[in-house]
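Keeping the supplied structure of chain A fixed, place chain B upon it in accordance with the hints.
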Amino acid sequence: MGRSADGLWLRTARHGAARAAVLCLASLAGSVAALLFPLALGRTLDALLSGAPAAETRAWSLRCAGLAGAQTLLSAAASLLAGTTGARATAWLRRGLLRHLLALGPDAAARFPGGDLITRATGNAVHAGALPAALGEALAAPAAPLGATVALALLDWRLAAAFLAGLPALAWLLRSFTRSVTGNVAAYQELQAGLAARLVEALGGARTIAAAGTSRRERDRVLAPLPALAAQGRRMWRINARAAGQAAVLSPGLQLAVLAAGGLLLAEGSLSVGEWVATTRYAALAAGIGTAFGRLNLLLRARAAAARLGEVLAEPPPAWGAARLPQAGPGRLEFRQVTARRGGREVLRGLDLVVPGGATVALVGRSGAGKSLLAALAGRLAEPDAGLVLLDGVPLHALERAEVRRAVGYAFARPALLGGTLEGAIGYGPRPLPPGRVRAAARAAGADAFVGRLPEGYATRCAEAPLSGGERQRLGLARAFAHGGRLLVLDDATSSLDSATERRITRALLGEAGARTRLIVAHRQALAAGADLVAWLDGGRVRALAPHRTLWADAAYRALWAADAAPQDGASDEASAGAPGASSGASSGGAPAASSGGAPAASSGAAAHAASSGAAAHAASSGAAAHAASSGAAAHAAAHDLANGTAHETANGTAEGAADGTAGGARRAGKRGLR
Amino acid sequence: MSRAARGTRRRAAPRRGTARAWLCFLGDRPRTLLALGCWSLLQGGQTFLLGSCLARALDEGFLAGRTGAGLGWLGLAAAGVAAGALGTAGVQRAVGALAEPLRDALVREVVRRALDGAVREGRADGTAAVSRLTHQVEIARDSFAGLVLVAQGFLVTLAGALGGLAWLAPVLLPLVAAPLLLGLGLLLWSLGPLARHQRALLAADESLAGAWGEVAAGLRDIAACGAEERAAAEVGRHVERERRAAVALARWGVIRTLAPAVGGRGPLLALLFLGPWLLAHGVSPGELVGALTLVTQALLPALQSLVNGLGGAGARLTVVLTRLLDSPAPPRHRPPGPPPRGRAAPGPAAGGREAAPARRAEPPGGGAAPATGARAGARGRGALELRGVGFGYGGRAAPVLRGLDLVVPEGGHLAVVGPSGAGKSTLAALVAGLLRPDAGEVLLGGVPATGQPGAPPAARRVVIPQEAYVFSGSVAANLGYLCGPGTPGAALLAAAEAVGAAELVARLGGLAGRVEPAALSAGERQLLALARAYLSPAPLALLDEATCHLDPAAEARAERAFAARPGGTLLVVAHRPGSARRAARVLMLDGGRALHGRHADLLARSAGYRELMGLPPVPPAPPVEAPRPGSDPAAGAGYAYGVDAVAGAGLADDGGQVVAHRSLGEPQGPGDLGHGGAVGGE
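Chains A and B supply the protein sequences, listed in that same order. Position 640 (the first sequence) corresponds to 639 in numbering that gives the first Met the number 0; numbering is contiguous. Position 318 (the second sequence) corresponds to 317 in numbering that gives the first Met the number 0; numbering is contiguous.
Since the hints were made in silico from the structure, they are not lab data. No experiment lies behind these values; they were computed from the predicted model shown. Note that CB positions come from ideal geometry on N, CA and C, so glycine has one too. One should not assume that every hint holds.
As the list claims (entries may be wrong) - If you want the ones that stay clear, here's a sample from chain B, every Cβ over 10 Å from chain A, calculated:
1. Leu-146
2. Gly-191
3. Ala-199
4. Leu-257
5. Pro-455
6. Ala-562
Unchecked claim - Examples of chain B residues toward chain A, derived with CB under 8 Å:
7. Leu-57
8. Asp-103
9. Arg-250
10. Leu-271
11. Asn-307
Next up, chain A with everything else stripped away, as it sits in the complex (with noise of 0.2 Å):
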């Protein structure tokens, strides 16, 4: 990594090395001017005092004009190389970074957080992009003072010795300044940072000030540590005003001293009065010798920002194939002995799971198990240490990228919304979408009433969107829904929805024509049992797939739900979860069923299960697809409501249809559900 770091400040020296020359010459010469100045002033000087002709006295004044003119032009040519270099290899590299990044992928890229991202893209990177101007300007910089002080001895030697002298207290007061400055600056941070704490823990609060009306009284509690941080302020100016006392006698001493020197030489008669006038300015021109070692600093730093620039472009990004999938496949996936390591833990061991092309798998399993994990490796989102993960049996790797993309579509529990306004965040993907399908799919969604209430609507932008954690989700649902695609992948996606909500967006999803495979991580049973399978995942495996019902006979899988705090009195969450379908006239149907067995009635809004005692049962050809799972041990059959996309009530007898735990049962409540 420190040899890549070490690479980058290389390369970007090397890329701005053209202009870099061009400054760091127009630099020397610059100082070669500003060397060649207080001579030729000199000379005027005395060649006018000692009424020299006319003519001579003109000529040394136009080579000071000259040299003045010289100056300037050469300080404003590097002035401009500096600015322009600086610009162009920034941009250059944030082009570079940008373009990592975005190939690494989110898997690569968590090592780096967010700020910290932002951080390495804005301040490092014009610290490093100054890079080749600090270099030029850096190669440049001692010419100047360590020509004066040539300057010095070639006049005499003891103006040189007199200005040596006086060296060392120069860099005593250099050294004393910085330390002086950072002394207090922690006391005052931490009175600052105190302050902010009490603002935003105020903020936080901000409804109940509002209703309370004391926000007179919260900025008197949170400016209280105020004066005390004026009296830090304070301290501080004292110590930065020694500080500038000193430089204010240090510079202007030492070129008195040279020239006090000169002046016993120019009574001695061994300098004339120009040479001491030329004094004055060599004496002031070799006191710079700070400003060069100034120029080093920012050099330092430029290699350091390069180097934190480095760290990122060192992590390498997963390679792509060029290979298709297969036209119209189903959309099977399939995870083949894979391991992944997270943060030093195997999370994934070997883990086999075969997710059947159109039917919906529950991810479910304690936290920790690698659900989000194993649910980021079915799109290529993370990058398994080992094993295959393949789509319609194409292993991910060897596919296109954009292929990849457009087969799998996700939803998140904290989805970011990115496109600009909320129809460009729903619409958001390689090219916008169409606003028809942007609306279609937040209807479905169940986006499009609070959208509504907006004062822009669609338009408005995304981070002026006053949304709540499910509002926030729903867009992202809406999100996953316009993309397409034959795998849909929802990450905890309903989690802040209230029930009901979730419920009518999961009919609508389960429901959704033109089926495609669905995985789906699950905290909530409601999910669980409305999905065709539940994949549970535990100690880096799939400990069982099968519907949720059967696994709800092992007490193991039942204590996972535990912590799913069923409502006190009443009603509980699972015969919400459990019943939802129930037929018309039969309004208490489910609850009772629900409560009275503990365990959920295994029918959904949209699918109907049943276990088998290992035959797949099918019955595509009613509309509803059943599936055999890949352990073979279970098998189900889905009764997807193809007709009716939303609203959809199963029949009655669908839930004894299940319980029959026959495929036939199975297939008779589906068609039954279609009717």
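Frame of chain A; chain B shown alone:
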């Protein structure tokens, strides 16, 4: 054309205001300014002495063969340097004495704006506020101090140098002043464009950081949407924009070298070219050398730092101050309308307060003045009354509530339920007086909920929002927040006991214990907030999902405590079905529909309600009949309280639909939306 003119006028106005504010700020500190002036004199004296002493050291010392006198004059210059250093230190302190009060004022202003904005909006961006409070305020302070120092330094050097020149030989003055003025003119001319480009660069930087931040936070979502190319192109555009702005600024930065060249090197050349003439007209060699030294060693560096300071710090200061002070959080989510008290519908306010509120005697569509004349019966005055309340979030937004009528008598207990986004929190905010209805009125004890002079809303209701507010401080300070500092400790403890927070208070170390909000769980914070609200003298308690982080048992205990609060009326925005079961009456909001009744009745009648309660929905049944005013089941069931006539006049006609069948239209005058009798009222 005219728009452009308006734009400039608008921009000019705050600038004048800013200038006045600066003058006021400085005018309030005459002693600091005086100190600054005095220390500046010392500094200027140094410059003055430098030129003069060098001239004398040459003329009367080294050139005259009197080395001692020459050294003496240099010694005097050194003494001037020492005095000047004292002056420099003093100036720093004086500038500090200006910058620190500025920082204090900015901090106060930022805190005030952040709190006011948060209180107005009901939410706040803590990160932005912290950045303003720490980062931006510091930038403003440093830039301001830098500007003052640079400007002061230049003026002092200028005065010292010009004074020195005048003392050496007045004829030198115009020679130096003319090019200097030219250079300064160039600088002044360039300041505008320079600042504009600096601002453009800062703006480009910020939008780049914003775009980058979005990408950094959304990498997973970008990948999931397959939008890598698009994101790269979008952020790439920002990168390019920033590069262009940086290059443009670098071009203008050339001025930074040109202005000092004209203003600093120009006088030098003038002195040289006119040297023979000057020497012939009584200027001594020493005086010429002194003048040259003043120009090269004093004026030129001062001019250079002035150019650098004004170009950079000046632009930064304006940008940051604009951000801090000129852009208050836009008041979103607040219905546009006249100021408080101007909004309430004219008629019923007075009469309504007198009349004993009760059920509607007849559908107000019948022609009687809605809400006013419709009251009959006498059951004590309603703790809470909504009359024809409508509310939308402005613009093209669909209304959230419409024509809602509701009465909760004193001691009543109402639960509000509905799916997320149905308007429960909006209703709570309206009842709390935090929002003003677009139509109709909300009365607490007969007074508009938004308050009247002498009757602040806080005295009549206490609101406990979902995000409980506790602050770093003692337990007693947190609990006594709403009832004044004189409340006896026993009362505080009793309240904690009542809502089930006694154990928590004991664990925190009793009333004297310290509360560290970050160390408490969300549920523990809610317990403290509940205990605090329990102590409030306000008769109406409004629990807006205030118990969502408590377990069901704790929630039940807290709700029962509030229901039993002496003389207390309770409105609960329910988070769990249990809250509705415990309430005497339930109001269900759902996508523009409103239903009310007892829990059991609603269960039997409404599929939506059953679903909300986590029960299988009742099949599409015949339209739910809203309770006729005359047949309020609550009364029949012997309840001491009840909810009357939800959804008002429209109720009987369209099955409890709160949204009247007419388009919202643009927000017009106050009360133009179906006030009271939402349908058929006119």
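Going down the list of hints, with the structure as the test:
The beta carbon of Leu-146 of chain B sits about 16 Å from the closest Cβ of chain A, which is more than 10 Å, so the claim that it is off the interface holds. Separation of Gly-191 of chain B from chain A is adequate, the least Cβ-Cβ distance of about 19 Å exceeding the 10 Å criterion. Distance to chain A confirms Ala-199 of chain B as a non-interface residue, since its nearest Cβ pair spans about 13 Å, more than 10 Å. Not every C-beta of chain A lies more than 10 Å from that of Leu-257 of chain B, the closest at about 6 Å, which undercuts listing it as non-interface.
Not every Cβ of chain A is farther than 10 Å from the Cβ of Pro-455 of chain B; the closest lies at roughly 6 Å, contradicting the non-interface assignment. No Cβ of chain A comes within 10 Å of the Cβ of Ala-562 of chain B; the nearest lies about 16 Å off, and the non-interface call holds. Among the interface hints, the one on Leu-57 of chain B holds; its C-beta lies about 7 Å from the nearest C-beta in chain A, closer than the 8 Å criterion. Interface restraint check for Asp-103 of chain B: the shortest CB-CB distance to chain A comes to about 6 Å, inside 8 Å, so the restraint holds.
Taken as an interface hint, Arg-250 of chain B checks out: its beta carbon lies about 7 Å from the nearest beta carbon of chain A, inside 8 Å. At a threshold of 8 Å, the smallest CB-CB gap from Leu-271 of chain B to chain A is about 5 Å, leaving the interface hint in force. Look at Asn-307 of chain B: its Cβ only gets to about 11 Å from chain A, farther than 8 Å, so that hint breaks.
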